[in-house]
Amino acid sequence: MSIRKLLRGPSIAAAIAAATTVLLTGCVGGAATAPDDAGKTTLHLVGYAVPKEANNAIQKKFAETPEGKDVTWQESYGPSGDQSRAVVNGLKADYVNFSLEGDVTRLVKAGLVAEDWKSGPTKGIVSDSAVVIVVQKGNPLGIKDWSDLTKPGVKIVTPNPASSGSARWNILAAYQQVIANGGTDAEAKAYLTKFFNHVAALPGSGRDATNAFLQGSANVLISYENEAILARQSGEDFDYILPAATIKIENPGAVLKDANPKANAYLDFVLSTAGQEEFVKKGFRPVSTNTPVGEVVGANNPAEPFPVPPKLFTISELGGWDAVNAKFFDEGGLVPEIQKATGRSQ
Amino acid sequence: MHDTAAHRVTRWTLRLIVIGYLLFLVIWPVALVAAKTFANGLAPVINALRQPEVIFAFQLTLSAAFWAVVINTIFGVGISLLLVRYTFPGRRALNAMIDVPLSVSPVVVGLALVLVYNGRTGWLGQTLEQGGLQVIYAPPGIIMATAFVSLPLVIRELVPVLTEIGTEQEQAARSLGASGLQTFARITLPAIKWGLLYGVVLSLARSLGEFGAVKIVSGGVAMRTQTATLLVEERYQQFGLVNSITAYTAAFILALIAVIALIIITSLRPSKGAP
Amino acid sequence: MTPSAGTVEAEQSAPTTPAGTATNAGGRRLPRAKSATSLTPISGLGLGIALMWFSLLVFIPLTAVLVQASAGGWSAYWDALTSPQTLAALRLTVGTAVLVTVVNVVMGTAIAWVLVRDQFRGKQLLEVVIDIPFALPTIVAGLVLLSLYGPSSPLGVNWANTRVAVFLAFLFVTLPFIVRTVQPVLLELEHEVEEAAASLGANRLTTFRLVILPSLAPAITAGAALSFCRAISEYGSLVLLSGNLPYSTEVASVRIMSSIEGDKLTEAAAVASILLVVALIVIVVLDLISRRVARYA
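Chains as they are written, first to last, in the working numbering: chain Z, 1 to 346; chain S, 1 to 275; chain D, 1 to 297.
For the record, the hints were derived by calculation from the structure and aren't laboratory data. The beta-carbon is built from N, C-alpha and C at its ideal position, and this holds for glycine as well. It is possible that part of the hints are untrue.
Said to hold, decoys possible - Derived BS3-like pairs: lysine-lysine, alpha-carbon spacing no greater than 27 Å straight-line:
(1) Lys92/Z to Lys123/D
(2) Lys109/Z to Lys257/Z
(3) Lys264/D to Lys109/Z
(4) Lys340/Z to Lys264/D
(5) Lys264/D to Lys327/Z
As the list claims (entries may be wrong) - Residues from chain Z shown here face chain S by an in silico Cβ test under 10 Å; the list is partial:
(6) Gly39
(7) Thr41
(8) Thr42
(9) Asp70
(10) Gln74
(11) Gly78
(12) Val88
As the list claims (entries may be wrong) - Listed next, with one range per pair, are the computed distances between beta-carbon atoms:
(13) Ala6/S to Ser55/D: 40 to 48 Å
(14) Phe88/S to Thr72/Z: 46 to 54 Å
(15) Glu192/D to Ile74/S: 43 to 51 Å
(16) Thr87/S to Asp330/Z: 57 to 65 Å
(17) Arg186/S to Val102/D: 44 to 52 Å
(18) Gly48/D to Glu168/S: 22 to 30 Å
Input sequences plus hints: build the corresponding full structure.
And the structure:
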């Protein structure tokens with residue numbers, strides 16, 4: 001009891017000090033969310049989970065240009081589908097960078113993005129990549145290709161297709177590689193079912209999946225090539241395999257209709273050589289072949305970071321996103337059917 | 001009672017079990033977080049604290065907690081007085097309902113607020129946003145979510161204190177001609193001050209730590225609606241040592257504030273209603 | 001043994017706050033206001049304002065959850081609840097919460113006993129330690145538990161992303177509840193009865209079983225109800241710790257969060273409604289218990 005009595009005096013003082021601090025920062029905190037000073041622009045970027053570092057690097061370079069001076073950023077990164085829905089629901093955005101074209105189409109349908117957003121030379125795409133198979137250092141399971149993923153003991157982590165863009169690229173790659181190698185639709189579906197039977201975790205986003213793999217939930221991760229490279233740049237130690245047959249990932253970027261005009265300048269910068277070089281440094285494949293590709297730390301072969309696999313198929317070869325979504329991901333599609341059958345859904 | 005050897009064995013066994021349990025569940029894990037925060041020295045921690053996102057996150061957390069506590073204190077004092085000093089139909093129901101926020105999952109709190117206050121389909125949110133007040137994805141939503149989860153805390157401290165002190169002094173003051181306000185300021189407030197302080201500090205600790213409800217209503221946009229707890233989650237899930245240290249630093253600060261608040265509360269405890 | 005008025009109110013002392021008081025500060029039960037008056041115009045206005053604020057903040061939003069849950073009709077509600085993944089999440093949540101509550105009943109009572117009946121240096125420290133889970137932000141709690149039981153654990157275990165992690169998280173956040181409801185009751189227990197029992201030949205175990213435990217029973221039940229409620233509501237600590245693996249470590253609150261992020265608000269509200277119903281039942285049970293015990297006062 002005496003300790004309590006002893007502490008009372010200082011405690012009251014501490015309580016008063018704390019209250020005063022809170023009172024003061026309360027006022028300051030309010031000011032922090034006040035409108036910006038004249039001359040400064042704040043742009044809001046809403047992106048999918050993995051390009052945060054790339055966008056931050058591009059923003060730094062953008063700030064060195066005349067249009068980019070005095071631009072500050074407020075950003076949010078997360079699973080592509082969820083982020084897209086959040087923007088529709090009121091999350092403020094000037095520039096969006098999603099994983100799937102469909103996530104921009106959702107904004108077009110909601111009247112937030114102009115219909116001609118993909119009429120430019122790159123068709124709205126700002127960065128490319130490929131689906132790769134990530135394995136533990138030294139590849140203890142001896143994975144060489146997609147077919148090895150259905151061996152016993154393989155535990156796959158891939159994100160959840162309901163929320164993540166990465167997930168959809170992964171599933172399409174897993175399915176289509178059967179067909180690219182001469183298989184039938186039925187064989188591809190059979191493979192995808194076996195694939196799902198080996199899925200140990202379905203986290204929300206591509207980044208969450210990487211973290212789940214690094215924490216040991218699974219021994220195989222299906223992910224973007226750029227995510228694997230970036231993780232290795234940051235010191236994570238694992239190997240990744242670019243399969244012989246895989247899909248070319250194309251990530252869109254768009255400016256919203258009533259965005260700050262500087263956002264257009266940013267998009268132009270992103271597509272310029274300077275912007276694309278920053279993407280390359282973080283492991284993305286540039287959209288234009290003219291971009292010089294130097295050494296990329298973290299790639300399997302830093303001198304030749306982006307080999308072209310023998311069978312690199314694209315979404316247009318699969319019929320475009322509308323057809324793909326109807327066939328695979330929408331209500332009644334292949335994936336919900338397989339998920340229900342294998343008990344792995346969300 | 002004789003302190004036999006058997007008694008002593010029981011006592012020591014119980015003591016060790018309890019201490020061991022608390023050691024492995026609370027003490028050691030918390031100590032480890034402190035250790036991990038400073039594993040690379042003090043400099044990375046200071047650098048982490050200097051980042052604008054971190055500073056903003058803590059400012060936002062503190063200001064949201066401040067307003068939530070102010071709101072809950074004003075309403076807390078008012079509702080406590082009403083519950084104890086007056087009778088009215090539904091008094092008991094109101095008393096039971098006050099406890100609801102403490103039993104509700106924070107995720108449900110977030111969902112509930114989004115359903116009513118979001119700008120696109122919210123019951124009230126549509127009108128509010130047309131009038132220029134954005135609640136969801138903006139600081140007001142954070143304040144509301146924080147106020148929700150800590151609502152009962154001040155009331156639950158004041159009701160017993162008010163009951164105990166009785167109304168004799170207040171009635172005496174009234175009969176001597178004091179107005180309601182004077183009675184409140186000069187008689188009631190001093191009598192309840194310890195219970196009030198206790199409830200306020202408790203409320204503050206709870207408000208600073210809210211995570212789930214804030215995550216849903218705020219959108220977690222750094223430098224705009226990202227609170228300290230959301231910052232911890234975001235940085236933990238990013239690559240690299242700097243981000244890891246930032247996550248642990250923010251977590252350490254939050255834990256430190258919680259422990260300080262607890263020490264304050266613990267030393268105030270006997271004065272709430274001395275035997 | 002007739003509990004004194006102090007015991008009754010102490011037993012009901014705000015179990016929701018970590019610090020149970022040793023005195024007759026009862027928090028839950030409203031006593032019949034001795035000098036209650038009916039509302040004056042000013043206080044009536046105050047009540048109106050307070051009620052309006054309470055409605056805007058609590059009542060209307062929670063009602064919106066229930067309304068949204070029923071938005072698709074009974075069949076949609078039922079489908080949302082009985083989807084295999086939701087059932088798995090509910091099973092895991094309730095099952096682990098029950099297990100944790102049982103552990104808490106034993107350990108909570110033991111801790112309260114040591115705090116009240118034992119004396120040793122540093123006991124005061126334990127008082128603060130017990131309340132840490134209550135004041136600590138849940139996301140930090142997850143980080144805290146990860147340090148000792150996750151990938152880089154000094155103990156050499158790695159329970160991250162397993163059901164053990166869910167169990168540990170629940171155990172952590174529910175630690176204070178039973179301790180704080182039992183502690184004040186133990187403090188108020190009159191030693192004479194125990195001594196009488198001892199003088200009649202009862203050994204300590206019998207005394208504990210037949211004399212002490214029954215007086216603690218209402219407090220333990222109240223704490224257990226709160227502990228259960230708190231466990232099923234837990235979210236923050238599981239985000240980093242449990243991996244949220246469907247069918248494996250995914251709990252109800254995580255399920256709700258995923259549905260919200262996927263803009264499936266009706267599904268989210270359906271699962272949320274279950275949690276709300278359970279919370280309501282717990283509150284009603286607590287109210288009944290406190291009234292039943294009060295009758296003996």
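Hint by hint, here is what the structure shows:
Between lysine 92/Z and lysine 123/D, the direct Cα distance comes to roughly 52 Å. Violation of the 27 Å bound is thereby established for this hinted pair. Between lysine 109/Z and lysine 257/Z, the direct Cα distance comes to roughly 12 Å. Compliance with the 27 Å bound is thereby established for this hinted pair. Restraint check for lysine 264/D and lysine 109/Z: satisfied, since their Cα atoms lie roughly 18 Å apart, inside the 27 Å limit. A hinted pair counts as satisfied when its Cα atoms are at most 27 Å apart, and lysine 340/Z with lysine 264/D qualifies at roughly 18 Å.
About 21 Å separates the Cα atoms of lysine 264/D and lysine 327/Z, which keeps this hinted pair within 27 Å; it holds. This hint is violated: glycine 39/Z has a C-beta 18 Å from the nearest C-beta of chain S, more than the 10 Å allowed. The beta carbon of threonine 41/Z is not positioned within 10 Å of any beta carbon in chain S (closest approach about 14 Å), and the interface hint is therefore violated. This hint holds: threonine 42/Z has a C-beta 9 Å from the nearest C-beta of chain S, less than the 10 Å allowed.
Violation of the interface hint for aspartate 70/Z is found here, the shortest Cβ-Cβ separation to chain S being roughly 15 Å, above the 10 Å cut-off. At about 5 Å, the closest approach between the beta carbon of glutamine 74/Z and any beta carbon in chain S falls short of 10 Å, and the interface hint on this residue holds. For glycine 78/Z, the suggested interface contact is upheld, since its CB lies about 8 Å from the closest CB of chain S, less than 10 Å. With a least beta-carbon distance of about 7 Å to chain S, the hint placing valine 88/Z at the interface is held under the 10 Å criterion.
As the Cβ distance of alanine 6/S to serine 55/D is approximately 59 Å, the hint placing it in 40 to 48 Å is violated. Phenylalanine 88/S and threonine 72/Z have their C-beta atoms about 53 Å apart, which keeps the hinted 46 to 54 Å range intact. Taking the beta carbon of each, glutamate 192/D and isoleucine 74/S are about 46 Å apart, inside 43 to 51 Å as hinted. Here the CB-CB span from threonine 87/S to aspartate 330/Z is close to 59 Å, well matched to the stated 57 to 65 Å.
Separated by about 51 Å at the C-beta atoms, arginine 186/S and valine 102/D satisfy the suggested range of 44 to 52 Å. Distance hint for glycine 48/D and glutamate 168/S: a CB-CB separation of about 28 Å, consistent with the stated range 22 to 30 Å.
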